[in-house]
Structure formats: structure tokens, C-alpha cells
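*Asks:* Residue numbers (the numbering used here): 25 to 321.
No lab work stands behind these hints: they were computed from the structure.
Restricting the straight-line Cα-Cα distance to at most 27 Å, the calculated cross-link-like pairs of lysine-lysine (DSSO-like) are:
1) K292 to K268
2) K160 to K201
3) K135 to K200
4) K200 to K215
5) K251 to K292
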Amino acid sequence: MFTSIVFKILTLSLAFGLVLAQAPNQSFRRKPGRTKNRATTTEKPQPIGDGESSDCPETFGYFADAEQCDKYYACNDGVITEKLCPDGMVFNDYSIDQEKCDLPFNIDCTKRSKLQTPIPSLHCIRQNGYFGHEEKNVCDKFYYCVDGMFNMITCPAGLVFNPKTGICTWPDEAGKKGCSSEEIFQFTCPKVNETEAATHPRYADPEDCQYFYVCINGEIPRRNGCKLGQAFDDATKRCEWARKIPECADWYKDRLTDAQLDELENPKPPPTARVKGVQRRKSSKKPARVEVDEIDE
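Modelling step: build the complete structure from the supplied sequences, incorporating the hints.
*Replies:* Encoded structure:
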């Protein structure tokens with residue numbers, strides 16, 4: 025039943041990223057009962073306190089377990105039913121009106137840290153979710169698992185999988201052992217004074233004319249690139265056309281022809297669309313027929 029829901033949640037999280045975790049839960053102790061026309065509230069619903077409650081907090085709704093993040097309760101006309109999210113998902117307790125299991129990255133489970141026993145499969149620590157590569161030195165690849173079936177995904181160049189957020193981020197943001205910025209890029213930021221460090225100084229990539237490093241606060245390197253046909257000018261600290269930089273003039277020689285470089289440097293203006301004048305529609309009315317009376321002589 026949850027397969028299509030799980031697939032949609034995982035896919036949307038990967039394409040657009042993830043949302044901020046919700047505010048932590050508070051202990052629940054409310055009397056049961058709910059009026060038919062319950063006023064709308066922005067308060068977050070509270071979890072059921074003892075983990076094995078037989079009482080519904082309200083007549084209808086979905087409520088988190090106070091101890092286990094992937095367990096929740098459905099209340100239907102005051103009848104409570106214990107439920108469990110698919111392995112790897114946790115209950116989203118934002119609204120009692122929605123039955124929704126979500127990715128752990130989106131939900132704060134610090135006060136409900138217990139989880140069901142995992143059901144691992146090939147490359148999947150749990151049946152659903154995003155999981156890092158087994159080899160510690162493989163930083164830019166991770167597994168996307170749905171119902172125990174995996175797909176391996178590679179991060180864009182320069183980024184690594186962040187196990188804390190489930191998305192690809194800069195190495196320094198991921199904080200993963202063996203995947204530091206210096207280890208990934210094989211580049212160390214030169215020592216500079218505080219004034220220069222505050223400007224996030226840039227340095228040419230010694231191996232690739234098209235790329236350069238931005239040293240965040242003068243310490244943490246992040247690799248950036250110029251657009252096709254350009255190279256980083258270490259003198260001006262800007263991207264310029266490669267043929268204008270002596271040490272990079274031939275960088276694209278085996279990749280692009282002179283004609284292609286000319287077109288990149290001097291792009292043709294897009295054709296201007298001709299806007300035709302508004303033509304008035306001809307009247308479909310026939311001219312009135314004028315009858316002339318004959319004059320008797």
C-alpha cells in the first residue's frame with residue numbers, strides 16, 4: 025500500500041531537496057474527545073505518551089508514538105489502531121489529519137529515537153531511504169532504496185553524499201570521515217592574513233585551466249568552474265576567454281575548433297521575431313440592397 029507513496033516521497037526529496045526538520049515533540053497529556061467542528065490550529069499534535077495507550081487523544085486523527093519514531097496510531101471514531109511505517113521511513117507528525125510516513129532527514133526524532141528492527145538487503149541498510157556507499161573512500165556515490173531495491177546515484181563533480189541530510193553537498197558540509205575537502209580535491213588553501221581570508225580568495229586549479237578553488241574564510245577549498253571556452257585567469261582572479269590567457273591559450277585545442285571558440289566568444293544575436301500588425305476582420309455583412317421605385321411616365 026505504501027510503495028507508491030514511498031517512491032513519490034523519495035523521488036521528490038532527490039529532485040528538489042529536503043525540507044527543514046519539524047520542531048521537536050512535547051509530552052502529551054490531554055483528555056480525549058473532539059468536537060465535530062474543531063477549530064483549525066497551527067499547534068503541532070502531541071505524541072501518545074506511554075507507547076501502548078488504548079485511548080485516543082481525539083476522536084479522529086493520526087498520532088505519533090512517544091518513543092518510536094516510525095510507529096503511530098490511527099484513531100477512527102475513538103477506536104485506536106497501532107500502525108508502523110515502512111522500514112526506513114518515520115511518521116510525519118505535523119498534522120493529525122494526514123497519514124504520512126517521511127524520510128528521517130525531514131523529521132526530528134531526537135525525542136522518539138527508537139525504530140523498528142531494520143530489514144537490510146543488497147546495498148540497502150533499510151528497505152527505504154538514501155544510504156552512503158559501503159567503501160569509506162567512495163564519497164560521491166550513494167544508494168537510493170525503495171522496497172529493498174537499490175539504484176546507485178553519483179553526485180555532481182565536487183560534491184559528496186551527506187549522510188546527515190541525504191543529499192549531495194560540499195565536502196566540508198558533509199563532515200564525513202575520509203571525505204574532507206582537502207582529500208577530495210587534493211588541494212590545500214595557502215595561508216593568508218585575516219583581511220584576505222575574509223574575501224574568500226580564489227586560486228587557479230594547477231591541473232585544469234577551466235577550474236579554480238574558492239577558499240572559504242581562507243581555509244576550506246571548494247572547486248568551481250568557468251563556462252565552456254573560458255579559463256580562470258590567476259592574475260585577474262576571474263574567468264576569461266581561454267585564448268586571451270597565455271598559459272591557457274591552447275587548453276581547448278583538442279576539444280573545440282577555432283570556429284567553435286569564435287562562436288562562443290562572439291555569439292550571434294538571436295533572430296528577432298517579426299510581430300505582424302493586427303489585422304481587422306472583414307465584415308461579413310452584405311451591403312444593403314436599395315430598391316428604387318419605378319417612375320411612371
